[in-house]
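Residue numbers (the numbering used here), protein chains in the order written: chain A, 60 to 658; chain P, 11 to 298.
To be clear, the hints were calculated from the coordinates, so they are not data collected in a lab.
Model, not experiment: these values are computed from the prediction.
Keep in mind that the hints are not guaranteed to be accurate.
Claimed, not checked - Cross-link-like lysine-lysine pairs, in silico, DSS-like; alpha carbons within 27 Å at most:
1. 134(P) / 234(P)
2. 258(P) / 234(P)
3. 476(A) / 631(A)
4. 16(P) / 476(A)
5. 177(P) / 113(A)
6. 481(A) / 529(A)
7. 258(P) / 115(P)
8. 16(P) / 36(P)
9. 236(A) / 218(P)
10. 224(P) / 213(P)
11. 16(P) / 529(A)
12. 601(A) / 536(A)
13. 224(P) / 481(A)
14. 529(A) / 601(A)
15. 43(P) / 481(A)
16. 255(A) / 433(A)
17. 16(P) / 481(A)
18. 177(P) / 36(P)
19. 476(A) / 43(P)
20. 213(P) / 36(P)
21. 528(A) / 16(P)
22. 16(P) / 43(P)
23. 536(A) / 433(A)
24. 631(A) / 529(A)
25. 115(P) / 134(P)
26. 177(P) / 213(P)
27. 37(P) / 16(P)
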Amino acid sequence: MTMPASRSAPISSETGSEASPPPLELADLSVMIGGQGGDGTLTVSDLLGRYFRKRGLYVYTSRNVLSRIRGGHADASVRASRERVAAVKSQVDVLVAFDNEAIEMGRTELAPHGYILYDSTTFHSELPNSAGFPFATLVGGQLGQPIFKNTAAYGALSILLGFDAQVTREVIEERFKRRGAEALEKNLKALEIGRKAAIDAHGVANRYSVVGGDAHNLVLTTGNQAAALGFVVGGGRFFAGYPITPATEIMEYLQRYLPPFGGVVRQAEDELAAINMIIGASYAGSRVMTSTSGPGLSLMTEGIGHAGAAEIPIVVVDCQRVGPSTGQPTRNEQSDLSHLANLGHGEFPRFILSPATPEDAFHLTIEALNLAEKWRLPVLLLMDQALSQNTATSARFDLSSVRIDRGGRLSPEQVEKLAQYKGYEVTEDGRTAVAPPGTPGIWSEVTGNEHDEWGHVSVNPANRVRMMKKRMEKMTKARADLPSARIEGPETARIGFIGYGGTSGPIEEALRLLGARGIRARYFQARTVYPVPVQELDPFLKSVDVAYIVEHNYTGQFARLIRENLPWHHTKLRSILKFDGATFRAPELVARVQEGGSP
Amino acid sequence: MTQSAKPVPPIWCPGCGDFGVLAAVKKAASNLKIPVHELVLVGGIGCSGSIHNFIEINGLHALHGRLLAQAVGVKLANPSLTVVAAGGDGDGYAIGMGHFMHAFKKNASILYIVMNNETYGLTKGQASPTSQIGFEGNVEPPFHAILSALSIPAPNFVARTFSGDPKGMTAILEEALRFNREGRGFAFVEDLSPCVTYNDTYKLWREKVLDVSKVPGYDPTDNKTMFRLCLETIEQGRIPIGVMHRPKEVAQDGLERKLIGDGPGPVRTDIRLESNLAAYQKLLSGLS
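Here chain A stands alone, though its shape is the one from the complex (with noise of 0.2 Å):
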C-alpha cells in the first residue's frame, strides 16, 4: 500500500522547470473531485472509474453529497487499486477542485506528494502543487456552454496522470454515446480543450503514472444497481416503492428493467401504501419486494408485522442511513439492526440477511426472495449507504449458480388431489404449500387476526398456542436454509473482526495492513445477521483470542446481539464504533486494533 517515492519533490507548475523529472508512480490512488452540487462532480468520478477499469484495476468510488438538487459542496473521490479495494483510503493523490470550497475541505486529506489541479475561472490559488485552468471559460468560450467544464477537467487530468489518450477517449464514447450525437461531440471537444490546457502548461503532463492492473472482467456497479438486478434474476415480477435517498435508485432501475418482463413496478402514494401493495401482490402470487431507508421502515413496520402474522412472503431492502427522524439522509450508518431484529408489535418470525459486496447483494436479493417464499415470512435484506451508493469493481453477477425454489407452492394439478385445502396447515418441517387465488376448485381465507389452519379468526388458546409455534418456529427449523457467513484471513490468526454489509471493504483491507506488519487477523462477514448465525459464530470466535465488531453506530447494535446470543464468549468482544456518517477507512481499523479497543 505504500507509495513508491520515485521523485524527492514535486515541482510546482507556478515555478515552471524545464527539466522533466520521471513521473510518479502509482498502484494505489486516490482522486478526489469537489465543488457545487451541479458542477459534474460525480460525471468526472463515473468517467475516471471507466477508465480505470479498463486499465484493470480494482475500482472504488464513493461520494459525499448533501441532501438538495444544487448548490452546496458536494465531493467524490475514485480510487484505483492493483488490489482488491471496498473502502475509501485515507489519503487523496490527486484534488480537482471547482471552487476554492473544495480546496479548502479537500486540501485535509492530500497525500504529501499530492497535486490539486482547479478551475481557475473564478479564483486562484498560491498553493504549492497545484495548477489551474479556466475550464468553465475555456468551454464556454468554445462550446457556448460551460457545464462541459467536468469533461474538460476529466482530459487535464488524463494529462497530469499520464493516462493512455486512446482509452480516456474510449471512456468518453461509452459515457456519452446514449445521450445523442451533438452531446457526445461536445463532450470530446471538451476533453481535448482539457487535454490541451494540461499539455500546454509546464509541469503537469505526466507528472504521474498509474500502473496498469491484471483485474480483467469485472463489473464496476452499486449494492443499489445490483439489488435491483438480482430482483429480476430471481423471478421477482412487483415492486413497489416511495422515493426515499439512499433507496431510490433501485426503484429506479426498475422501472427500466422489470417491465421488459412482464413486471409492475409502482410509485406508492407513501411507504404505507407501497408495503402494502406488495402484500396484495404477494398473496396473489407474485414474487415481491420494496425498498426503503429508516424514516420509510418505520412507516412499513406496520406491514410487515402483517406479513408476518399472515405468513406472506416479501422482501424489504432496508438501505440504512443516519437516523434517527431525517437523520443525514446521504450518509452512512448502520443503526436499523436493533429495529429491525425486534420490529413490530407483538411477535413474529423474520430473517435479515446482509450483502457486503455488489455481487453479494445480486446472490442475496435471489437468495430473500427464495426464503421468503419458501418459509412464508418477511425477508429484510439489510444494506447501507455506502454499499448501496458507492460503485465497487465486482466479479460478473454468475447466472449459472442461480437457483430459484418456490418452496412449497402448489400447482392446480397438486391441488386437484388434496381432499381439503388449507392455508395454514402445521406440518413437521413447518412450511405450509399454499396455491395462490385463481387456482381452480378452491378458495381460502388469508388473515393477519389470530387463525386456525382454515385461516378462520380463532380465539381459542390451544390454536394461539399451535399457530404461535407454527410461526416462531421458522426461526430454528429455516436454519439449514440460510446464507452462511464468509470467513477471510488465516485460520491460525488470533484477531478476529466482525462485520456485516459495507465495513467489509475497510476490514479486509485492515486483514492486509496488519498482515504486512506481520499481525494475523480474520474476517467473520455475517451474511445472515438474524437470527445470529450462533453455530457459525461459536467456532469463529473459540479460534480467537479477541473479536473486533465493527459497525456504524452509537451503541453497538450488531455487539449486543452477539452478546446475548453467546454469552460465554464475551469477554473476548470489543467493540469499534464509528457514527460521524462516513465510512471507516482501513487504517483507523488498524489503529484501534494496536491499541486494543475496549470491551
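Guided by the hints, dock chain P onto chain A, whose structure is given.
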C-alpha cells in the same frame, strides 16, 4: 373435490345493514357468473371488514385502512382476478383517507364498497369521519365521500346505495363489477348501512334518501352537473343515492391495462431461469 374454508356465521348484530351488502355481493357475483376461485374479497378492519369470512370466496383480511393498497396490489399482480375491497367509513375515510383519494387517481379496476354507518361500531360507538355534528360530542362536519369522489376528474364509476334497498344495491354492484371486469377502472360504491346498536338510522335514512336519477337534469357522465345536484340535494336535507358517475367513453382505462396491456401480469408470467436466460444475460451485459 378439494374442500376449502367454509364460511362462518356473521358476527353482525341482527338487522345490521351489512347483511344487505353481503346478500347483494353474492347476488351480483352470481348474476355475472364469476367463478368463486377468481373472486378476491379484501376486507378492512371493523364489523364490515369481516364480510369475507361469511361467503365462499378468496378472502384477504387487510390491515386497518390499508385494504385499498392491498387490493390494488392483488389486481396489478393478477388482472384476471375480480377484486372487491370492502370496509367501513372509519377504515376508508379516517385512517385510510390517503389511500382512498389515491385510489381514484390510480384507477385500478377494483370495486371498493364502503359500508357507512356514521360510527365506529366494533369499538362501541365513537364518532367517525361521517358522523353528524353532535353525535357522541362530535364537533366536526361530516365528510362527504361522494362529493370528494366527484371532485376528481378521473374515469371512475361512483355510486351510492342504501341497505334498505337491496334490489337497487344489487343492480348497482352488478354494474360496478361489470365495469371492473371490462378493465375500465376503479368503481366506488358507498352503501348507507345503519348500525342498529350504536346509530340506528334506518327510519331517518329511509325517509331522506333520494334517487338522483329521478332529479331533473341528472347526467352521470358529467361531474360538474352531478356535484351540483348532490350538493343541492344535501342542502335540501335529503340524502342522494344512485349512480353518481359513469364515464362517457367506454375506454379500458384501468391502471392494470396501462401497465400490463394484454400481457398475463406478474403472477402468470414465466419466471423460471431457463425461460429467461438469454434475456438475463443481455440485461447483465449492460453492466460496464
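Legend entry - Unmet hints by their number, sorted upward, for this structure: When the structure is compared with the hints, numbers 1, 3, 5, 9, 13, 14, 16, 24 and 25 turn out to be violated.
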